[in-house]
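Colleague: Start from chain A and add chains B and C according to the hints.
Taken in order, these protein sequences are the chains called A, B and C.
Counting in full-length UniProt numbering, the final residue of the first sequence is number 199, and the numbers go up one at a time with none missing.
Counting in full-length UniProt numbering, the final residue of the second sequence is number 306, and the numbers go up one at a time with none missing.
Counting in full-length UniProt numbering, the final residue of the third sequence is number 647, and the numbers go up one at a time with none missing.
Treat the hints as calculated values from the structure; they're not laboratory data.
For glycine and all other residues, C-beta sits at the position ideal for the given N, C-alpha and C.
Keep in mind that a hint or two might mislead.
Said to hold, decoys possible - Derived list of chain B stretches under chain C, where covered just means 3 residues or more per stretch with a C-beta under 8 Å from a C-beta of chain C:
1. 55–63
2. 90–96
3. 100–107
4. 110–123
5. 146–159
6. 210–222
7. 260–267
To be verified - Here chain A is said to cover these stretches of chain C; the calculated rule only asks that three of the stretch's residues, wherever they fall, bring their Cβ under 8 Å from a Cβ of chain A:
8. 105–119
9. 200–210
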Amino acid sequence: MKIDSSLPLEYSTEENRLKIFGFWIFLGAEIVLFATLFTVYFTLHNRTGNGPTGAEIFELTPVLLETFLLLASSFTIGLGVHAMRLGNKKAMMTFFIITLVLGLGFLGIEIDEFVTYVHEGATITTSAFLSSLMTLLGTHGAHVTFGFFWGLAILIQVAKRGLNPQTANKAFIFSLYWHFLDVVWIFIFSFVYLKGLIS
Amino acid sequence: MNKKISLMFLAFGALAILAGCEPLTIFDPKGPNARTLSDTIILSIITMAVILLVVYVLLAFMLTKYRASKASADYEPPHEEGSHLLEITWTVIPIIIVAFLAVVTVKTTSTVETTPEGYDNKEPLVIYASSSNWKWHFSYPEEGIETVNYVNIPTDRPIEFKLYSFGPITSFWIPQLAGQKYAMSDMLTTIHLAADEVGSFMGRNSNFSGRGFAEMEFEAQSMTQADFDEWVTDVKANEKPLTEEKFNELLAAEHVGRSSYSSTHLEFSPAPMEHGDMDMSDDEMDHEQMDHSTDSHKDSESTHSH
Amino acid sequence: MSMEEVFHPMQEPMILAAAISIVVGAVAIVAGLTYFKKWGYFYKNWLSTVDHKKIGIMYIAVALLMLFRGGIDALLMRAQTAVPDNGLLDAQHYNEIFTTHGLLMILFMAMPFVIGLMNVVIPLQIGARDVAFPRLNAISFWLFAAGAGLLNLSFIIGGSPDAGWTAYFPLSGTEFSPTVGNNYYSLALQLSGIGTLMTGVNFITTIIKMRTPGMTLMKMPMFTWSILITNVIIVFAFPVLTVALALMMFDRQFGTKFFAMQDGGMDMLWANLFWVWGHPEVYIVILPAFGIFSEIIATFARKNLYGYKSMVMSMVVISLLSFLVWAHHFYTMGHGVMVNSVFSITTMAIAVPTGVKIFNWLLTMRHGKIQFTTPMLYALGFIPIFTIGGVTGVMLAMASADYQYHNTMFLVAHFHYVLIPGTVFGVLAGYHYWWPKMFGFRLNEKLGKLGFWFIAISFNVTFFPLFILGLDGYARRMYTYSESTGFGPLNMLSFVGALGLAVGFGLIVYNIYYSWKHMPRNEKADVWDGRSLEWATHSPVPEYNFAVVPTVTRLDEFWFAKKEGRDITAGKIEKIHMPNNSGAPFWMSGFFFLAAFFAVFNQWIPAILSMLVVFGFMAYRSFEKDHGRYISVEEINETEKRLRGDK
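Next up, chain A with everything else stripped away, as it sits in the complex:
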């Protein structure tokens, strides 16, 4: 395997470059996926049937907390990748662990939010609005959950095998995925929660 040492570790082999490029394309598909879910939501968000409206169920505090946790995790994973480029395995792992913990915190609040909705009688089957809301949030949440386990697997590999072109490549691609989820959340925060609370 040819290693080009003039490039960062995660880009250093042909295979690594292909994987990063391929992952960008995959993210393109993910953007379309979420865009479709947003379109569905915007089409149905006034169709509340006999159920509650967004303004009736949304609560700002947990949502702000979720936003803060996810934004912070996006920042820490950035630091983690930076540490990785400097070859500092320990710092990299620390930042990745913080990222995953923040992600876990996000998931905790989101699950609590869902439980609250259900207690208030707002379930996924109540109305088209709630179906689309919970599918959008749920898809994002499922991505974060998947990301948590994925990140965990990468952390174990870095711990066991150290920073090499393979592990660095995986960690970098994971960071792209994590940033992407953060961007999606910002859209959810602005156009689902804030807009819903205002109207």
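Modeller: The following block gives chains B and C in isolation, referenced to the frame of chain A:
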């Protein structure tokens, strides 16, 4: 070329059928809107035939002139990059044709979406046509009567069919009078038409809607105003009113024969338009629908339901 | 669900016969493999392969199988409607058959045939040794195969989808379609759809990143261009299908209200989502055919492709427009004149770049030296027949006129006139053209041509009458009609044509057997005197594709090098890095299949357990140390000598 001969054979066969037997339903319109569509279709067929002819002549020319069996063994085809002039030609001419057809489309679409020409000065008769399972209900709010699986209309008066469905999406179609339109459960759509002459026309659901779809036909009969009035009086005098119970029975049935009633179901089960529980502001709804092209029917009556 | 319900389709004799034949076929394959002790070979060389050529061949094999499955559906439909008031099939059975016919032909025949050809050819055309992600490629294939298997299973267990291939709500909701048929629909399409999306990612990366030195984008063969654009469409269109199918599944199986008739649901949302994917899908199967025709017409006119740049441009324009026309599938939904007019214009606009392509193909032949080989016959048959499909498409694009064509046989005739000469002729042309590259021997030309003539003529006999029937007011999807309609004679003619088509496709399969028996082996590398790089390596292609990766400086480099007597594959042989085979994609897709199968019947615990195994495979893959392997110089020299020596 065998294939071309067979193609021509078929085309002539088609023409023979067109000319010999009675005309195809679409080309036998009995009302102004169907006539507009028939004329549009014939115009487009002629335009397209010209394009086909150009392609076929060119293809035949290339295939006869440049076949290997005609060329000498040492003939080496030249390297040709392309020709800007030719490429511009066969881009611009199609653009002109498409532009022409676009104008025709916009014009005819707006024509058939409004009260038929020559009838604009008359008050339209509004008939609600709704589908359930594999049958059609026709409600005449003006006359206060309702029919199942047949509809009578007066000539010399524009008709507005208001369509909706009690189930799967269906498509209301009386090809000799007008083009089709969907009947859906949560919004009302409108077909404008008028019949020029007295006659009986096939009407059907053309959108697949399940097991009984093939038999989901009805008869549309056009009659003089006098005959129509007489029929209305007759129904009002001799038929029972449509009770909610009877109507639910009708809705549940799969196929039924024709029947008539001296009241409409609209009184206890309004059509989507009037029925909507307006728990949201109307303009926001319209805005939403415009945005998502799902049903931007600004100029057709729209609403949501339930 | 009771056992009786699960197996209710079996009560239908024809379905029982189909089920038995599938079981007998499966048993025969298993018995054959066991008897000849080929299990090891089969697993090692096929089930666990990551070689793009073998994966491509498997795609094509499944596509041919599905062509026959979908073809039998078609024959049954034509037989049922051949005479008025026919009782061969009942309404329910007919509905299931036209639904699965559409699904199988588009998603499990046209798509995999196209993907199979791109798998075989693309790495060769761009001078690469494999695709960017060989293992992912195997996953794509096996997920597709799992989806195909699941959909076919529906005919035997539980009942097939019966709401049309478009599955409009509320008809396809549980209220009006209570059997598990449409659960099969959402899950089978989801499985194969994910596979297709992965193919899209894989091939974009491959084409953008792995072209041989010197091959800039504008020096790529036209087929490669068409595949690049196709895969871009896949990546942008398939996630929409993924979402739509998920929502469908939620509505049907979890009681959500997306498309429901109450609680704010919107049935037309499904139609919009479906066609936002569905219309680009048409171009996903058509553009590769355009690419194939471009290659074949240039090869057999013995001239370079006319107007290369405008050919590329027109495909780019078509791909963009393909996302802007979806509402033309439901002009009759009652949009305003404005919306219908806009969609009419974008739709008609597609005719312009398509016309550019037709004229470029015609002009490619001018001053050429046309050879009428089987692949060329398909390409030449395509032009006149497809043009009919194209011009009727423009007619349908006119919103007002569409009020009369919509939901009629005119529409059915139109899209068959587009998809059969376009896609089917395209893949058949490619199949005959690249067959020697795949297997090292040719298909018999006489049988190939006979097959072509049967198909081309019978096609017109089958579908031209449908235009006329449509104009006479014959709505599509009716399982029968009464004699008074007068639709009988033309339907009978159409049935006769369908029989002819069956003979034509039968000839194509017989040709495989005949050619395998009788055609000379060790065909030379460049059978057709081709122009692009796939002809520069041996037939069949060694696993590493090129011993020395060719360098190019222009389009059709191979063609010019031949004339100048250069060998573009000459150079020093070095050891070659190749990916390892793996059975994981096969097994992982197997568990994906199980998960989907249990989900169809709402058996959530086994479904979740199966999904956990799938995630287990993903974790295993993450931890696996897989650096591939090297083929030594000696081994390459030996292979090269063997492949060259016999010529």
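Colleague: Hints first: check each against the structure and report whether it holds.
Modeller: Results of checking the hints against the structure:
1. Residue count for the segment 55–63 of chain B with a Cβ under 8 Å from a Cβ of chain C: 6. That meets the three needed, and the coverage hint holds.
2. Counting residues of the segment 90–96 of chain B whose C-beta lies closer than 8 Å to any C-beta of chain C gives 4; at least three are required, and the coverage claim holds.
3. For the segment 100–107 of chain B, the proposed coverage by chain C is satisfied: 5 residues have a C-beta within less than 8 Å of a C-beta in that chain, meeting the threshold of three.
4. Taking a C-beta to C-beta cut-off of 8 Å, the segment 110–123 of chain B contributes 4 residues in contact with chain C, enough for the three needed, and the coverage statement holds.
5. Closer than 8 Å: that is the beta-carbon criterion, and the segment 146–159 of chain B has 0 residues meeting it against chain C, so the requirement of 3 is violated.
6. For the segment 210–222 of chain B, the stated coverage by chain C holds: 5 residues have a C-beta nearer than 8 Å to a C-beta of that chain, and at least 3 were required.
7. Check on the segment 260–267 of chain B: 0 of its residues sit with their Cβ under 8 Å from a Cβ of chain C, so the three-residue criterion for coverage is violated.
8. Residues of the segment 105–119 of chain C lying with their CB closer than 8 Å to a CB of chain A number 0, which falls below the three-residue condition for coverage.
9. Counting residues of the segment 200–210 of chain C whose CB falls under 8 Å from any CB of chain A gives 8; the rule of at least 3 is met.
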